[in-house]
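Asks: Sequence order for the protein chains is A and B. Here my numbering is used: the first residue of the first sequence is 8, the next is one more, and so on. Here my numbering is used: the first residue of the second sequence is 23, the next is one more, and so on.
Mixed in with the good hints, there may be bad ones.
[Claimed, not checked] Simulated restraints on C-beta separations:
#, chain 1, residue 1, chain 2, residue 2, range
1, A, I279, B, S101, 46 to 56 Å
2, B, E250, A, T280, 29 to 39 Å
3, B, A78, A, T168, 55 to 65 Å
4, B, S385, A, G318, 18 to 28 Å
5, B, K139, A, A316, 38 to 48 Å
6, B, A389, A, G318, 29 to 39 Å
7, A, I279, B, E250, 50 to 60 Å
8, B, N153, A, G318, 49 to 59 Å
9, B, S137, A, A192, 20 to 30 Å
10, B, T90, A, A329, 24 to 34 Å
11, A, T280, B, R369, 47 to 57 Å
12, B, V339, A, G318, 46 to 56 Å
13, A, A329, B, N412, 53 to 63 Å
These aren't lab readings, by the way, just hints derived from the structure by calculation. By construction, the Cβ of each residue, glycine as well, lies at the ideal position given by its N, Cα and C atoms.
The lines below spell out each chain.
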Amino acid sequence: MAKLVRKLTKSNEFYLLLVIIAVSIVIQLRSGQFFSANNLVDLANAMVVPGIFAVGAFMVLVAGGIDVSFPALASLSVYATTRVLVDAGYTGGVWLPFLMVIVVGAILGAFNGLFTSRFVVPVLIITLGTASVFSGVMQGVFKSVQIPNLPQGMSDFGRSTLFVATNPESGLTSNMPVAFLILVAVVAVAFVVMRYTTFGRGLYAIGGDESAAARAGFKVRKIKFWLFVIVGIIASLAGLVRTSMMDQMHPTNLLGMELMVIAAVVLGGASITGGTGTLTGTMLGTLLIVIVQNSMILVGIPTFWQGFALGTLILVGTGISAVQLTRSRKRAPALVQG
Amino acid sequence: MVDNVIAVRDIGKAFAGVQALDGITLEIAPGEIHCLAGENGSGKSTLIKVMSGVHAPDTGTIELNGKTFSKLSPIEAISNGVQVIYQDFSVFPNLTVMENLALNAELAAHRTFVSWKRMRAVAEEAIAKINFTIDLDEKVGQLSVAQKQLVAISRALMSDAKLIIMDEPTTALTKREVDALFAIILDLKARGIATLFVSHKLDEVFEISERFTIIRNGKSVITCLPEELDHATFSHHMTGREFDDDHFVPEHVSEEPILETRGLGVDGAFADVDLTLRKGEILGITGLLGSGRTELALSLFGSKPADSGKILINGEVVEVGSVRAAIAHGIGYVPEDRLTEGLFLERSISSNIVISEIDSFVSKFGALDQRKADAEGQRWVDELKIATPNPANPVNTLSGGNQQRIVLAKWLATHPKILILNGPTVGVDIGSKHDIHRILRTLASEGLGVIIISDDIPEVIQNCNRVMAMNAGRIVAEIDPRTTTESELAELMSKDPSTIDGKG
Chain A
8 MAKLVRKLTK SNEFYLLLVI IAVSIVIQLR SGQFFSANNL VDLANAMVVP GIFAVGAFMV
68 LVAGGIDVSF PALASLSVYA TTRVLVDAGY TGGVWLPFLM VIVVGAILGA FNGLFTSRFV
128 VPVLIITLGT ASVFSGVMQG VFKSVQIPNL PQGMSDFGRS TLFVATNPES GLTSNMPVAF
188 LILVAVVAVA FVVMRYTTFG RGLYAIGGDE SAAARAGFKV RKIKFWLFVI VGIIASLAGL
248 VRTSMMDQMH PTNLLGMELM VIAAVVLGGA SITGGTGTLT GTMLGTLLIV IVQNSMILVG
308 IPTFWQGFAL GTLILVGTGI SAVQLTRSRK RAPALVQG
Chain B
23 MVDNVIAVRD IGKAFAGVQA LDGITLEIAP GEIHCLAGEN GSGKSTLIKV MSGVHAPDTG
83 TIELNGKTFS KLSPIEAISN GVQVIYQDFS VFPNLTVMEN LALNAELAAH RTFVSWKRMR
143 AVAEEAIAKI NFTIDLDEKV GQLSVAQKQL VAISRALMSD AKLIIMDEPT TALTKREVDA
203 LFAIILDLKA RGIATLFVSH KLDEVFEISE RFTIIRNGKS VITCLPEELD HATFSHHMTG
263 REFDDDHFVP EHVSEEPILE TRGLGVDGAF ADVDLTLRKG EILGITGLLG SGRTELALSL
323 FGSKPADSGK ILINGEVVEV GSVRAAIAHG IGYVPEDRLT EGLFLERSIS SNIVISEIDS
383 FVSKFGALDQ RKADAEGQRW VDELKIATPN PANPVNTLSG GNQQRIVLAK WLATHPKILI
443 LNGPTVGVDI GSKHDIHRIL RTLASEGLGV IIISDDIPEV IQNCNRVMAM NAGRIVAEID
503 PRTTTESELA ELMSKDPSTI DGKG
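For reference, chain A alone in the conformation it holds in the complex:
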């Protein structure tokens, strides 16, 4: 028991959870609306897209890289899919769009993977480049414009709900989208991959010490390549969900989301230098950011303070882990040994 407590108080997730609870209580006290059924459903709804993205960003971060190309990648693969299907007058179910974004996402991810596994260039730099290539292709080759009418299957999927929550006081209703299940599924699969497969443990190993991983017998290049294929698929899924839920394809809608997503993952305890972090932390980090974004309105704080609040959160969040790190280093002083 004592061991469990010690483990808890050492973990980043524990503190994050405390912060989330504290923030929730403050909002509840100020607005009386936080713990209403429809607000909770709204939060879950808002979690879906950043949550799915965060899983991908988390996996790359664990392996020691920062991927900034995922919104551009998702935009391109979803745009291409939507364009082709709309032009062909597709009226079937949502399975085909899903299949197509998965294939296109995998190919675009492989493009990232090819570069990151072959060249000793930081992932950040490579994906800055590929992000521009992806949006360039979308705007140049596909002459991207807004597509107001999606294929029927996608629209239906975007509108389909699991259940409807009603606020008894205000009478407001919120829909729990079916897409939430996609987030659940992605997180569940990623959890198993990260914890119970040699591939997942390989990502942690590479993030910890890449040359040690190679010496241990991990096929580092192969792992990195497939990592980006998987992340391409995950990002494209998020893109398709977003587009379906908006019921229109807006080519630049996702761009710019990368910083908020990476911030959520880092807030969740993943180290920028790789090798550490958990999916639980990633989800908590995303939840905290979503709560702050969604609930400031409830408390009556003007929306332009959102950026300020997010920035402060990130500084405090990463600051705490930095302090913890320095403390553990102090215990083993570097300058004076012995």
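Position chain B relative to chain A; hints supplied.
Replies: Relative to chain A, chain B alone:
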């Protein structure tokens, strides 16, 4: 004749036109403790990488378990019982002890899914083999160097190893930890596991090795038994040069001390240190890790100011409260860990040298005169014979010995009157070590006061004209190196502190 555990024959390997290995042949018998010796850059590391499957050789064959390979994959090497313990131990600091131990086995079994239960069992068995107790759930990054090494050894032993290759295993260990390591190596021998011990620490390789292979510039020089070698021939084979084992005799020692301390102390580190240093002298301060030797050096250099006592320079009491003050008083300090304390590894050789006197190259408008700075860098590169084609190359392209020379050059460029060196030749190969000692002797004869702080006993005995032994934060003896043997000094250093009352 027993079959060899491993035999590499006529191995050649070139990198970008540089022949790193050239016709190397090496055979290791079961249970043999074989020493592979050679200077930095002689091809030792490349040979290890060929034997462990990291590099594919250009020519030659590797015989393992009766099979002949023209190249190995790391997995093949491991499944045939070859395990390498690298200098950095190749551990994952972000993972637990358990995963560090068990991941290799999971990989070697080509598993897609890992089982945490199985990993725990495997890890428990692994540490039991060498009677090593440790919390399996601790992150490896939190462990001490010796513990990390034990993790690496336990891991190596798991996969039915027949040969353990240890790359410079003793570099960061204290004498006691080295003894513990040797006990483990002998235990492995008893179980028929061969060890290839890579080192350039003479006393250690003679203590443990049964057979030697010495390589130089990528070629085998000799394979022989320890009886056929002594220190001098060993050094000769390694470097191709002749060395004389002479003692340092100062030429001109000034009457007045240049540096004195009276009752110097830092709480919790050392106390009551009285020492005197005259111009032209090389004073040795030796002691085990934790004896206070490093703290003493740091307090003389102002980075850990003394809590009690006085420091006198040229007979006058001075305050050395900061590194800046120490430099102003003409004290230079070459740190123990040159990589973290002394050098900007990514920056050029030349800028590393001139950084400590950068002010003197700044014009009155505040701009840096790059040409002047480069010329100064080049001057020191020539003076200290730093082996580089271009002083603009980053420091991390150099070998340990040359890096150490740069730290030296950096301090000499400030024209110090007192130079304190902490472990000046740790991790430096024998040829460079010799050169650094030569440089220090020359500096002393030019009138510098030099203090060498080191636990390398032969180093202080040979190069100092006086040696002070520290033990448990106190100076316990001052000896004359010409009349004291290495073992007498070692005894003074490692005596149980409780049997020493006050100063000896």
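Asks: Taking the hints in turn, state whether each one holds.
Replies: Status of the hints after comparison with the structure:
{"no.": "1", "hint": "A:I279 x B:S101: 46 to 56 Å", "result": "violated, 36 Å"}
{"no.": "2", "hint": "B:E250 x A:T280: 29 to 39 Å", "result": "violated, 49 Å"}
{"no.": "3", "hint": "B:A78 x A:T168: 55 to 65 Å", "result": "holds, 59 Å"}
{"no.": "4", "hint": "B:S385 x A:G318: 18 to 28 Å", "result": "violated, 41 Å"}
{"no.": "5", "hint": "B:K139 x A:A316: 38 to 48 Å", "result": "holds, 44 Å"}
{"no.": "6", "hint": "B:A389 x A:G318: 29 to 39 Å", "result": "holds, 37 Å"}
{"no.": "7", "hint": "A:I279 x B:E250: 50 to 60 Å", "result": "holds, 55 Å"}
{"no.": "8", "hint": "B:N153 x A:G318: 49 to 59 Å", "result": "holds, 53 Å"}
{"no.": "9", "hint": "B:S137 x A:A192: 20 to 30 Å", "result": "holds, 23 Å"}
{"no.": "10", "hint": "B:T90 x A:A329: 24 to 34 Å", "result": "violated, 53 Å"}
{"no.": "11", "hint": "A:T280 x B:R369: 47 to 57 Å", "result": "violated, 21 Å"}
{"no.": "12", "hint": "B:V339 x A:G318: 46 to 56 Å", "result": "holds, 52 Å"}
{"no.": "13", "hint": "A:A329 x B:N412: 53 to 63 Å", "result": "violated, 38 Å"}
The structure shown violates the earlier hints numbered 1, 2, 4, 10, 11 and 13.
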